[in-house]
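> Same order as they appear, the protein sequences are chains A and B. When we follow the numbering used here, the leftmost residue of the first sequence carries the number 77, and every step to the right adds one. When we follow the numbering used here, the leftmost residue of the second sequence carries the number 40, and every step to the right adds one.
Keep in mind the hints are simulated off the structure, nothing from the lab. Hints may be right or wrong, so weigh each one.
[As the list claims (entries may be wrong)] Dumping the calculated DSSO-like pairs for lysine-lysine here, alpha-carbon to alpha-carbon at most 30 Å: (1) B:54 to A:259; (2) B:54 to B:118; (3) A:268 to A:236; (4) B:106 to A:192; (5) A:192 to B:115; (6) B:118 to A:340; (7) A:109 to B:106; (8) A:131 to B:115; (9) A:109 to B:76; (10) A:340 to B:71; (11) A:192 to B:71; (12) A:109 to B:115; (13) B:122 to A:129; (14) B:76 to A:129; (15) A:236 to A:330; (16) A:109 to B:122.
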Amino acid sequence: MKALLIVIALCVSACGALAQGKSTADGIAEYRKMLEDGNPAELFEAKGEGLWKQKRGPRNMSLEQCDLGKGPGQVRGAFVELPRYFADTRKVQDLESRLLTCMETLQGFDAGEIAKTPFGRGEQLTLEALAAWISAESRGQRFNLPQGHAQERMSYELGKRAFFYRAGPHDFACASCHGEAGKRIRLQDLPKLTVNPGDGVGFAAWPAYRVSNGEMWSMQRRLNDCFRQQRFPYPGYASDLTIALGVYMGVNAKGAESIAPALKR
Amino acid sequence: MADPMRIRAQAAGDKATVRVLMAHEMETGQRKDAAGKVIPAWYIQQVTAQHNGKTVLTAQWGPAVSKNPFLQFSIKGAKAGDKVGIAWVDNRGDQRSDEATVS
Numbered sequence: 077m078k079a080l081l082i083v084i085a086l087c088v089s090a091c092g093a094l095a096q097g098k099s100t101a102d103g104i105a106e107y108r109k110m111l112e113d114g115n116p117a118e119l120f121e122a123k124g125e126g127l128w129k130q131k132r133g134p135r136n137m138s139l140e141q142c143d144l145g146k147g148p149g150q151v152r153g154a155f156v157e158l159p160r161y162f163a164d165t166r167k168v169q170d171l172e173s174r175l176l177t178c179m180e181t182l183q184g185f186d187a188g189e190i191a192k193t194p195f196g197r198g199e200q201l202t203l204e205a206l207a208a209w210i211s212a213e214s215r216g217q218r219f220n221l222p223q224g225h226a227q228e229r230m231s232y233e234l235g236k237r238a239f240f241y242r243a244g245p246h247d248f249a250c251a252s253c254h255g256e257a258g259k260r261i262r263l264q265d266l267p268k269l270t271v272n273p274g275d276g277v278g279f280a281a282w283p284a285y286r287v288s289n290g291e292m293w294s295m296q297r298r299l300n301d302c303f304r305q306q307r308f309p310y311p312g313y314a315s316d317l318t319i320a321l322g323v324y325m326g327v328n329a330k331g332a333e334s335i336a337p338a339l340k341r
Numbered sequence: 040m041a042d043p044m045r046i047r048a049q050a051a052g053d054k055a056t057v058r059v060l061m062a063h064e065m066e067t068g069q070r071k072d073a074a075g076k077v078i079p080a081w082y083i084q085q086v087t088a089q090h091n092g093k094t095v096l097t098a099q100w101g102p103a104v105s106k107n108p109f110l111q112f113s114i115k116g117a118k119a120g121d122k123v124g125i126a127w128v129d130n131r132g133d134q135r136s137d138e139a140t141v142s
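Generate the whole structure from the sequences, applying the supplied hints.
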């Protein structure tokens, strides 16, 4: 009986090894390839483009005059230079916080109210779709965040500190997962975010459509979920901290090609 | 009114490959919301594809199909310039039809 068990045990390990002719990473890559053709992010892109041009809000205005850093209404190429400093708000802003500013100043929405709305509801859905379309307009371009303004450099330093800051019941930091190359959690590769992790990886892969829950996630939502996973308090939508982390990752990813909106598990 | 579909149709050789993305919740009726109440089923039941007005595909779908479904199929004999129409009807009776040109 014992011998039989050993044989079975051997077979389980050996047969397992045979079936693993390709690595787990290859398997995941294959799965992504299969899904690539029908990335539902396209549906959000179409919706976002419509929302950009549609007259909405208390002032019944479109967002077409919104300045994303390349001048009013200039969308193409704006995404790969965000977050950046904006002279009118005197702040470093990422895509979502900038959109909030535009929705407030142009359309008359209450930005604070939208920031407080839970993800996936109300005007947050608008922001998701807009982020999908705006990032898609820069697809294939390379990240090149400006660091000319003192505030931008300060934001980078703040992001760097936040990235390595260990806290919470698990004594965790962003760097715990994203400070080394070649790591993964279950089937998810963990990009090393202290350097450029490569084209379409890490910062260059968000916003993304998540197949597992059928939702479009912007960078803000991704970061908020990182905070949740670390058992940190909710950092707040479009907060300075999340923007600073965006600056840190974005500057590090200089030269990486954006594939956003990407497709994720 | 439901959001529009994304339809791409590309001719290669004697057939055209059609790729369709539909925007739909595809709620199974099995899930519960935060308050513990069952979320009512809401899914696409009938899909039809037309090539120049002639029906070439009909499908009966159920709650097992994913949210925002993707459908791919090929039409024999379709050439560039032909019209491909896709229509769906869900269990609430909502419907949507969109058309694309084969390129």
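> For every hint, state whether the structure bears it out.
Hints versus structure:
The hinted pair formed by residue 54 (chain B) and residue 259 (chain A) fails the criterion: a straight-line CA distance of about 44 Å is larger than 30 Å. For a cut-off of 30 Å, the pair hint linking residue 54 (chain B) to residue 118 (chain B) stands: about 7 Å separates their Cα positions. Our distance criterion of 30 Å between C-alpha atoms is met by residue 268 (chain A) and residue 236 (chain A), whose separation comes to about 13 Å. A hinted pair counts as satisfied when its Cα atoms are at most 30 Å apart, and residue 106 (chain B) with residue 192 (chain A) qualifies at roughly 27 Å.
Restraint check for residue 192 (chain A) and residue 115 (chain B): the C-alpha separation of about 52 Å exceeds 30 Å, so the hint is violated. For the hint pairing residue 118 (chain B) with residue 340 (chain A), the CA-to-CA distance comes to about 34 Å; that exceeds 30 Å, so the pair is violated. Note on residue 109 (chain A) and residue 106 (chain B): the hinted pairing holds, with a Cα-Cα distance of about 19 Å set against a maximum of 30 Å. Under the criterion of a C-alpha separation no larger than 30 Å, the hint pairing residue 131 (chain A) with residue 115 (chain B) is inconsistent with the structure, at around 43 Å.
At roughly 37 Å between alpha-carbon atoms, residue 109 (chain A) and residue 76 (chain B) are farther apart than 30 Å, so this suggested pair is violated. Of the supplied pair hints, the one linking residue 340 (chain A) and residue 71 (chain B) holds, its CA atoms being roughly 24 Å apart against a limit of 30 Å. Between residue 192 (chain A) and residue 71 (chain B), the direct Cα distance comes to roughly 24 Å. Compliance with the 30 Å bound is thereby established for this hinted pair. Of the pairs offered as hints, the one joining residue 109 (chain A) and residue 115 (chain B) holds, with about 25 Å between alpha carbons and a cut-off of 30 Å not exceeded.
Taken as a hint, the residue 122 (chain B) and residue 129 (chain A) pair is honoured in the structure, with Cα atoms around 28 Å apart against an allowance of 30 Å. For the proposed pair residue 76 (chain B) and residue 129 (chain A), the alpha carbon gap of about 37 Å is over 30 Å, so the pair is violated. Only pairs whose Cα atoms come within 30 Å are accepted, and residue 236 (chain A) paired with residue 330 (chain A) is accepted, the gap being roughly 15 Å. About 28 Å separates the Cα atoms of residue 109 (chain A) and residue 122 (chain B), which keeps this hinted pair within 30 Å; it holds.
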